[in-house]
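Residue numbers (the UniProt record's numbering), protein chains in the order written: chain E, 1 to 288; chain Z, 1 to 77.
Calculated from the structure, these hints are not laboratory results. Since this is a predicted model, take the numbers as computed values, not measurements. One should not assume that every hint holds.
Under the rule of at most 27 Å between Cα atoms (straight-line distance), these lysine-lysine pairs were calculated in the DSS-like manner [what the hints assert, rightly or not]:
#	chain 1	residue 1	chain 2	residue 2
1	E	K60	E	K75
2	Z	K59	Z	K8
3	E	K54	E	K68
4	E	K68	Z	K55
5	E	K75	Z	K8
6	Z	K8	Z	K55
7	Z	K59	E	K58
8	Z	K8	E	K58
9	E	K60	Z	K59
10	E	K93	Z	K59
11	E	K68	E	K78
12	E	K78	E	K58
13	E	K86	Z	K59
14	E	K78	Z	K55
15	Z	K8	E	K78
16	E	K78	E	K60
17	E	K60	Z	K55
18	Z	K55	E	K86
19	E	K54	Z	K55
20	E	K86	E	K75
21	E	K68	Z	K8
22	Z	K59	E	K78
23	E	K75	Z	K55
24	E	K93	E	K58
25	E	K68	E	K58
26	E	K58	Z	K55
27	E	K60	E	K86
28	Z	K59	E	K54
29	E	K54	E	K75
30	E	K60	Z	K8
31	E	K93	Z	K8
32	Z	K55	E	K93
33	E	K75	E	K58
34	E	K68	E	K93
35	E	K78	E	K93
36	E	K86	E	K54
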Amino acid sequence: MAEIAAAPISVTAEARAVRAGGAIGGVPELAKLKLSEWFNTAKTEVAKRIGLTKAEAKIKGNEQADPKIGELGVKVIKGVGDLVEKRGEYLEKSAYSRSARATDHENKLQALREKPVETAKKAAEYDIANTTLQMLDLPGRVGPGALSRIEQTRELAQRVIDTGSEKWHGFWAERDNRVAERDLDTAVKYGEGAKATHDFADKFEAIIGNKDGLSKLKESKTTIQNEVDQTAAVKEKLAGQFGEVLTKGANIGKGGAEQIKQQDVAEIKKQEQILKDVQHGVTAAGTK
Amino acid sequence: MNLTDTLKNISNVVENDLNLTEELREDIINLIAEVNVDPTPANLRVLSTVLEKLKDSTKYLSALKTFSSLESTNLST
């Protein structure tokens, strides 16, 4: 246990599972497994080792025992089974949850290790934004005492920038990174709040700034209504015309066919004449 | 230590085991009490089987708990 507690912070969830498997002992093959595999194997192993079903059968097969005691024994065995299942599920979920948190934590820390300067700068930017908010006395500002924290964070950021990332490795870098991470989280939270306030203020300002917006809106509505009415009138008129066309359709059909036929003949003749003229033209040009 | 004392001791241990549900604790204590009244070899075998499985399951849950605790320990370092 002491060995594990003293291990480096950067160990992965899988590495912890490997060590935990070994630390529990009695099931040495678990030492090489990942978290999910560990639980699956452990459950199978335990099911075999505990052997509650066999125990139940053994009690039931003990015919010389007092029936009341036999029944009570079976009841306890079933109760033990339920307890193991429920408690096991809880512990398994709990381990997964912790593992996920640990991985997330390690990823964040790794990001901080890789980019301490950028992270500190970002924290400072958020805090400067909050300071501005305070100066303007806008709602959603950070609480009392924030200014000193802002100053501290800004100093830290400046120190990191001045010193350079090379000098921020090792234990001290981790410690300062943790401080920066915490401040960054807080700053992000405040920053988001401030952004939301700004957005609201922008919208509000837009509404207030446009004093005759409402009357314009009413005018627009009237215009649109007029357009709608006009469109309806036009449609109605078109519908009437269409009705007339339908009524007269039969008459057009009766006399129209012959007329179209005559028109087609005239058109064909006209085209033939044009073709002849073109041919003459071409011939004439060729003889020149 | 005679049988009655032994059973009484086991009963006390079970009563103080907070890892067990209240219902389970009561059932086990009742079983011990019944066996104490009529401690025939067959009845004692039933009790023995139950206690053995109780011990095995407790070991299993302790192992899982240890594993979960290890995750916490690492998180807090």
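- Message: If you test the structure against every hint from before, which numbers come out violated?
- Response: As far as the earlier hints go, 24, 31 and 34 are violated by this structure, in ascending order.
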